[in-house]
Amino acid sequence: MSEKLLEAVNISKSFFSNKVLDDINFNIGYGEVLGLVGENGAGKSTLVKILTGVHNPDNGYIMIEGSKVNIKNIGIAKNQGINIGFQELSLTNNLSVAENIFIGKIPSNHIGFVKTKQLYDMADDLIKKFKVGIQAKDKVEKLSIGNKQIVEILKSISSNPKLLILDEPTSSLEELEVENLFKLILELKKNNYSIIYISHNLDEIFRITDRILVLRDGKNIGIFNREEIDKKGLINKIINKEIKEFFASEDKKAKSLEVLLDVNNLSDHENFKNVSFQLNKGEILGFAGLVGSGKVEVCKTIFGLSKKYSGDIFLKGKKIFFKSPVVARRKKISFISEDRKVSGLFLRDSVSNNMISEILKAVSVANFLSNFKVSVIAKKFIDLLKIKIAKTTQNVMFLSGGNQQKIMVSKCLASKPEMIIAVDPTRGIDIGSKADIHEILKEQAKKGVGIILISSELDEVIHMSDRILIFVNGEIIENINSEDFDSQKISLAINKGKDEKENSK
Amino acid sequence: MNIRNTRHDSQLFEKNNLLKNRIISGISGFNELPLLIVNIVIIVALIFLSPNFLNPQNLIAVLMGASFDSIVAIGMTLLLISGGFDLSVGSIVGFGGVMAGKMLVLGQSVPVSIIIGLLSGAFIGFLNGFIVTKIKVNPLITTLAMMQIVRGIIYIITKALGIPLLPDNFSIIAQKQFYGIQTPVFVMIVLVVLAEVFYRKSIFFKQFYFIGGNEESARLSGIKVDKLKWLTYIISGTLASLAGILMASRMGGAQSAAGTGMELRVITACVIGGCSLSGGQGTIFGSFLGVLLMALIVNAFNLLGVSVYWQQTATGLILLSAVLVDVLRRRKMQ
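These protein sequence lines are chains A and B, in that order.
Numbered according to the working numbering, the first sequence spans residues 1 to 505.
Numbered according to the working numbering, the second sequence spans residues 1 to 334.
These are computed hints drawn from the structure, not numbers from a lab.
Hints are supplied without guarantee of correctness; some may be wrong.
[Unchecked claim] Here are the simulated DSSO-like pairs of lysine-lysine, each with C-alpha atoms no more than 30 Å apart in a straight line: (1) A:K331 - A:K316; (2) A:K489 - A:K442; (3) A:K341 - B:K201; (4) A:K332 - B:K176; (5) A:K331 - B:K176; (6) A:K373 - A:K361; (7) A:K341 - A:K307; (8) A:K388 - A:K219; (9) B:K134 - A:K139; (10) A:K332 - B:K224; (11) A:K281 - B:K224; (12) A:K142 - A:K273; (13) A:K442 - A:K332; (14) B:K136 - A:K323; (15) A:K307 - B:K224; (16) A:K332 - A:K380; (17) B:K224 - A:K379; (18) B:K224 - A:K331; (19) A:K319 - B:K134; (20) A:K332 - B:K201; (21) A:K380 - B:K201; (22) A:K219 - A:K4; (23) A:K142 - B:K102; (24) A:K308 - B:K227; (25) B:K136 - A:K331; (26) A:K341 - B:K136; (27) B:K134 - A:K307; (28) B:K224 - A:K308; (29) A:K496 - A:K447.
[What the hints assert, rightly or not] Not the full set, but computed from the structure, chain B residues with beta-carbon under 7 Å of chain A: (30) S202; (31) K206; (32) F210; (33) G213; (34) N214; (35) E216; (36) S217; (37) R219; (38) L220; (39) S221; (40) G222.
Ideal placement from N, C-alpha and C gives every residue a C-beta, glycine not left out.
Excised from the complex, chain A in its bound form (with noise of 0.2 Å):
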C-alpha cells in the first residue's frame, strides 16, 4: 500500500484555446485535510471535476492507492471511493434523517419492505460514531442548515468513500453551525478520511486544513503547510497582488456627527428587546452577536420586515412607521440581503434588469423603460464594480458567486441610498470580489451613506467598522469605537450571552 491516497500528476486541460488547468501535481495522503484555494476562474472547480470524473485531463494521469487510475466517469469516481459534497443541499425535507443518509439504499426484506429498525441502527451508528448531535428520526425539514449540511455529508459518508471533496461547505451556515461542521470533519479525519476543503474563507482554511494547495490562472502556485504561511502571505500567493491594508485598519478619520437614524427602545417582544443606538451619516455601523442574538431581526424590523414592534424610529429626526420594505425604500433605504439565490437576485433575468429593478422610474422615459437608460446605468456599475460579463442581457443564474453579488451591490447602489443594510455583502465570495465590495461599501460611506453591516465573518466587521455594537440575547451589551477594536474582546463579549445561557439551562 502507497503512503499517498491519491497523486495527481502533471494534470492539464484546456477548453478550446484556454488553458484552464497547466501541469497541475499534487498529493493527499490518509487522513489529511487539503486546502484548495484560488480567485474564481484559478481552476479549482475545473480540477474538482477532474477528480469526479465529469471531465478527463488532456494530459497526466492520477494514481489511487500506488495504481494508476483513469476516471473515465462519475461512476468510476464513485467506484474509486471519491464522493462530493455538493454546496446545494441535495436533501428530501419530508423524509427522516436515516432515510436521506441512506437514500438509494435502503435495508429491506425479501418482499421490498423497509427493515425500519435496522435502517434507523445504520443511521445511529453513524451518528454516534461521528458524534454529531441529531436525532436519525427527525425530519430533514425541521433541521437548521447547518445540521442540513451534516445530513448531506454523512451520506457521501454512508458509502464509504475514501476521499470527500467539500465545496464551499460553510457558504451558507453561521458561526455556531461552522464549529459543528469542524468536529464532524475532524472526527473524520480521525477516522483516517482524507477530504480536499474549498473555501474562500481564509480564517476557514488555517483552521481546518493540514496543506493548502494555491492554484492561480491553472497553474499551482504551491503546496503549503499550513504552519509555513500565514493569512496576508497566502492571499498574495491566491491574487499575485500585494492588497494594501487588506483586513488592516486603516486610518478612521472622524465622522460627522449628523444623525441618520435614530432608534429607541425597540423590541419585538420575540427575537430582541430595549434597542437603542444611532447611526450617523457617513458611518458605518457593525453588529455583531451569535446567531439568534437579535442582530438580524433588529434590520429585517428597521427595513419593514415585521410590522410588529415597539419603540420609536426616527429617520433623519423624523419618526417613521416601517410597516413594509416600500415605506423602507421610499425613505431611501437599501437592503443587500444575506442569500443571494433566495431574495437576492432575479436568477434567470438578465444582469441589466437586475440593476434597474429597483430604480425603474429613474430609467424611463414617461413609465415606458429606456433601453438607453438602462445601458447608461448598467455600463456604470460593470466599470465601479469591475463585474465580469460578456453581455448585460446574459442570465445571471450562470454568473460567479463574486460577480452575483456585485450585481446585488450594483441593484441596491442604483436606488441612490441614503442608508445601506448590508447583511453578509460578501458571503461566498473570492478575496478579489470581496475587496471590490469592500472599496465600493467605504466609499459609499464617504459620500455620507449610513451603513449598517452584518457579517458572519468577524474580521471583516472589524476590519471595515467605525463603530460595533455587541449583541448578545437580543440586547445591545456593549458600544465599541474603532480605537478599541480588539478581536479577542469582542469575541469574547458575543459569546458571553452563550455561556449564561448554557449556565441557566
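Using the hints, position chain B against chain A.
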C-alpha cells in the same frame, strides 16, 4: 484565465465579434421566432393543401376562433409572468356572459348590463386574489375551487338553460361587421397590441416579471408584491368576463356551458408561447402566437377532414414539443 486580463480580452473579443454578437443577440433575444416560423409553415402548408383555406370567410373564422382565447390569454399571461395561475377563467367567461344576459332580461340597458358583466368577472378575480395573496392558499387549489363554484352558480342562476334570445341591440355588438370582420377580432387586435407594448416596455408591468422571477427579492426591492399579484387576478377575471360578454353577444344568447375547457386551452397556448409555470417569463406576442397556432390546427383538421379526436392529441404533442425545445435551449445556455 487571468482575472486581470479578462477585461482586456473581452474587449478585444467584443470588437472582433461586434457584428456577429449583434446578430446572435438579436435572434436569441427574439424568443418567439421559432413559434412564428411554425405558424407560417402551417399557413403555407394549408394554402397548398386546401383550396378553401384562403377563402376570406375561413380566415375570418380562424381569427374569430382565436379572438376569445386571445383576450383571456392576455390576463393569463400576466398571471403566469407573476408566478400565478388561474383555472377559473373558463367559468368566468360563462359567468360574465350570463350576468350581462340576466341584466338585459331584467330590463337593464345594454351599457349597464355590460358593465355589470365586467364587474362580476372582476369580482371573482378579486376573490381569487384575496384568497391567494392574503390567506395564502395555493393558486391552483383556489382557482380550481373557484372554477367549480362559479360554474355551479351559473347553473343555479339559469337552471342550466343559459339565457337564450338576448335583445338585438346587444347581439349587434359582436355580430356587426366591418369589411367582413366582426367586433371580437378588432377587440382582440387592439388589446393584444396594447398589452404587447405595455408588458414589454412599461415599468409598471416590468414589476410583474420581477415578482415572478423572485418574489422575495421583489419584496426587498420595495415592490408591492401582494397588491400587484391581487391585481393580476382582477385583470384576468375582467378580461375573461369581457370575452364571455362578447361571446354571448355573438351567439345572441348566453350559454351556461360557455367557456368550459377554455382555461386549459389558454394555459397551453401561453406555455407554447413561452410563459413559464414557475413565473418570470412570457410575452403577449408569444401567447398570441400560441393561441393562433391552436386555432390554425383546429382549422387544418376541419379543412382536411381529420377526425376531431385527433385535435386534442395534436395539441398535447405540440405542448410537449414546445416545452422540450425550451428545456433543450436552456440546457445549451448552461
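(message) For each hint given before, does the structure comply? Return the numbers of the non-compliant ones in rising order.
(response) Violated hints (numbers, rising): 4, 5, 23, 29; every other hint is consistent with the structure.
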